[in-house]
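Build out the structure end to end from the sequences listed, making use of the hints.
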Amino acid sequence: QQQVKQSPQSLIVQKGGIPIINCAYENTAFDYFPWYQQFPGKGPALLIAIRPDVSEKKEGRFTISFNKSAKQFSLHIMDSQPGDSATYFCAASWHGSSNTGKLIFGQGTTLQVKP
Amino acid sequence: DTEVTQTPKHLVMGMTNKKSLKCEQHMGHRAMYWYKQKAKKPPELMFVYSYEKLSINESVPSRFSPECPNSSLLNLHLHALQPEDSALYLCASSQVGVDTIYFGEGSWLTVV
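In the order they appear, the protein sequences are chains A and B. Note that my numbering has the first sequence beginning at 1, numbered continuously upward. Note that my numbering has the second sequence beginning at 1001, numbered continuously upward.
Simulated from the structure, these hints should not be mistaken for lab results. Honestly, I wouldn't trust all of these hints.
[Stated by the list, open to error] Below, computed lysine-lysine pairings styled on DSS-like, alpha-carbon distance capped at 30 angstroms:
| no. | chain 1 | residue 1 | chain 2 | residue 2 |
| --- | --- | --- | --- | --- |
| 1 | B | K1022 | B | K1038 |
| 2 | B | K1041 | A | K102 |
| 3 | A | K58 | A | K102 |
| 4 | A | K15 | B | K1041 |
| 5 | A | K42 | B | K1041 |
| 6 | A | K15 | B | K1040 |
| 7 | B | K1053 | A | K42 |
| 8 | B | K1018 | A | K102 |
| 9 | B | K1041 | A | K58 |
| 10 | A | K5 | A | K15 |
| 11 | B | K1038 | A | K114 |
| 12 | A | K114 | B | K1053 |
| 13 | A | K114 | B | K1041 |
| 14 | B | K1022 | A | K102 |
| 15 | A | K5 | B | K1038 |
| 16 | A | K71 | B | K1041 |
| 17 | B | K1053 | B | K1038 |
Owing to the predicted nature of the structure, the values given are computational and were not obtained by experimental measurement.
What follows is the structure, encoded as structure tokens:
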């Protein structure tokens, strides 16, 4: 129940394409769903996040779609660029003093955007 | 650029050595974390400090010893590590009770 399942494991798109990364969860107590972007040799950087009361959130070229009934959420990258090539992690967490900082991560998706 | 600063960026240590990883943040966050990340894997939580007190220890071996001297600093003391402890060690911080967590660049640790 604590797992977050992420797919695909790797993804290759052409420049300008719209890669989509999907995540699914079981624990209905999760109430915060961030996406992190990680470049080789760097720490994860918070990209965008959503809560279950919102079905979609956009920040620049990045969009999260959230389906509460299906317990799924996805990241869309519009007009993808070679500079977007990185590993993307979805994550989930829930409120509670004992859970502070406990992000449950998906296994990651390595994205390559070809010029 | 991240506002969580970690030093050193790279560390090579023998199995009998004692070393420390350091982390500093000036965002006024009162929750700080240590995560461990192996190659091609997601980060895994090790420790959480809330208001400078250890609040979560994810059953981490005692050869890893965290310390939070003040609200801006977090250390991870390393002793008698094993080669399988080689990984990227990430420090992170957040406001207590707030979900948004910011990671540092990490310290690459190699145990030989």
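Please work out if K1053/B and K1038/B have their alpha carbons no farther apart than 30 angstroms. holds (26 angstroms)
Regarding the pair K1018/B and K102/A, is the alpha-carbon distance no greater than 30 angstroms? holds (28 angstroms)
Satisfaction of hint between K102/A and K58/A, Cα-Cα up to 30 angstroms: Satisfied, since the Cα-Cα distance of roughly 25 angstroms is no more than 30 angstroms.
Below or equal to 30 angstroms on CA atoms is what counts here, so check K1053/B against K42/A. holds (28 angstroms)
Are K15/A and K1040/B close enough, with their CA atoms no more than 30 angstroms apart? It holds: about 24 angstroms lies between the C-alpha atoms, which stays within 30 angstroms.
Mind checking the alpha carbons of K114/A and K1053/B for me, to see if they're no more than 30 angstroms apart? The given pair, whose Cα atoms are some 47 angstroms apart, is violated under the 30 angstroms limit.
Decide if the proposed pair is consistent with the structure: K1041/B and K102/A, CA atoms, cutoff 30 angstroms inclusive. holds (16 angstroms)
Regarding the pair K71/A and K1041/B, is the alpha-carbon distance no greater than 30 angstroms? Given pair K71/A, K1041/B holds - Cα atoms ~23 angstroms apart, limit 30 angstroms.
For a C-alpha distance cap of 30 angstroms, please report whether K42/A and K1041/B respect it. Given that 30 angstroms is the threshold and the Cα spacing comes to 14 angstroms, the pair holds.
Quick one, are K114/A and K1041/B close enough, alpha carbons at most 30 angstroms? Within the cut-off at roughly 23 angstroms; holds.
Next pair to validate is K1022/B with K1038/B; report whether the Cα-Cα distance is within 30 angstroms. Between K1022/B and K1038/B the Cα gap is close to 19 angstroms, so the pair holds against 30 angstroms.
Restraint check for K1041/B with K58/A, where alpha carbons must lie at most 30 angstroms apart: holds (27 angstroms)
In the structure shown, a violation is registered for the earlier hint numbered 12 alone.
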